[in-house]
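Taken in sequence, the protein lines are chains A and B. Numbered per this note's numbering, the first sequence spans residues 1 to 138. Numbered per this note's numbering, the second sequence spans residues 1001 to 1295.
Since the hints were derived computationally from the structure, they do not count as laboratory data. One thing to keep in mind: the hints can contain errors.
Said to hold, decoys possible - Below, simulated DSSO-like cross-link-like pairs (lysine-lysine); rule was C-alpha separation at most 27 Å, straight line:
hint, chain 1, residue 1, chain 2, residue 2
1, B, K1031, B, K1253
2, A, K85, B, K1253
3, B, K1129, A, K85
4, A, K7, B, K1037
5, A, K13, B, K1102
6, A, K7, A, K58
7, B, K1102, B, K1253
8, B, K1253, B, K1129
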Amino acid sequence: MDTFGLKIIASDKVFYEGRCRKMTIPAADGEIGILPNHENMIIAIVVGIGRVEIEEGKPLEVALGGGFAEIVNNRVTLIVDTAEKPEDIDIRRAREQRERAEEQLRQKQSIQEYYHTQASLARAMNRLKLAQDKKWNL
Amino acid sequence: MANIREIQSRINSVKDTMKITNAMYMISSSKMTQAKKKLADTEPYFYALQGEISRILRHLPELEHPFFDQRENVPAEERKIGSIVITADKGLAGAYNHNVVKLEEEILARPGIHKLYIVGELGRHYFAKRNVEIDTNFQYTVQKPTMHRARDISGVLLDQFEAGELDEIYVVYTRMENSVQSEAEVMKLLPLERSSFSEMKMPLNMYREAIELYPSVEAVLDSIVPNYVTGMIYGSLVEAYASEHNARMMAMKSATDSAESLIHDLSIVYNRARQAAITQEITEVCAGARAQQRK
């Protein structure tokens, strides 16, 4: 099967660099699947769970923060705020983050603060969702 | 000649001070290494973002976006200019703070309505006396720069920029030239300028791949530009942090060195005083003995 070059760059490190068979990424209106030789595109990514298939039949999941993906000449570059493997996620911390955000949402806030906590809540929920199940096995 | 005990206590006090400066030297050098590592970690992300903006600009030269709007219709006297000034929380770092403050004074001298966003206690104290408008809600420390703090700062500024409360945003910070040299610098943050994303000159007959932006150009830029601004702020925070500690390291090194030379000089004076005292004592004993013999 064909493969494509994949590079995932998070704000604090280069998360993954190598070949990939197929992947799905969370876009604003649902998930988008990328196969080799995809059309050139730049896609805005929202907070969500991405799936990367490096070995056949073994999709690996990764929690993604906001950012975007660029597909040019069969090379995919994902530039995101955060990228985390399930086992790197600290469930307790994520839970605390969620509680803090929920608490803040209950209080009166400015519109900006509201968006801020909403985004924080989304990140926390995303982490928790992923941390519940599968692990990465490279 | 000074009293021996006085010199002794002076030497001891210099030694105590030297212990402190030496410790501060070591603390700063370890903090600087950390800051440098942080900067190296985040560089790929930052450069990728920059490359992406220039790629989009290259493919869509006619692009219009609020972040690229230079707002030329606003006259120079009415432009609202915001500056993020990054200073240290304390002194003891040679000319580090002074250079940043001097650069900001130059900006303040230009026409326009100025507003300051100060990171770092020292700058806050300095400009509080200056009768300039300072955003008092803007309370961030320079210690341990994090992505989270950079995101907070850029959130505040982007908001004001979009609301039209600011027309231009600058960052005044200190950049590390290399491990010995650092220089205070002004960087324009917003509006973005096309020229700063080095647009490649492409031959006309070359095939350019078409890129589709999904879901729309605006949505993609909206997700890239704030991150880019955050990256710029984070980068400048980390650079400033590293140069602060570099400056402090050098200041403390020279303080330790001069303490050493001071101790050297003082110990010569001390030894001389001690010898003089001994000589005097011997002379006195001899004189006493001679006087006894003559009897």
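Each hint, compared with the structure:
no. : hint              : in the structure
1   : B/K1031 - B/K1253 : holds, 15 Å
2   : A/K85 - B/K1253   : violated, 44 Å
3   : B/K1129 - A/K85   : violated, 50 Å
4   : A/K7 - B/K1037    : holds, 21 Å
5   : A/K13 - B/K1102   : violated, 35 Å
6   : A/K7 - A/K58      : holds, 18 Å
7   : B/K1102 - B/K1253 : holds, 25 Å
8   : B/K1253 - B/K1129 : violated, 32 Å
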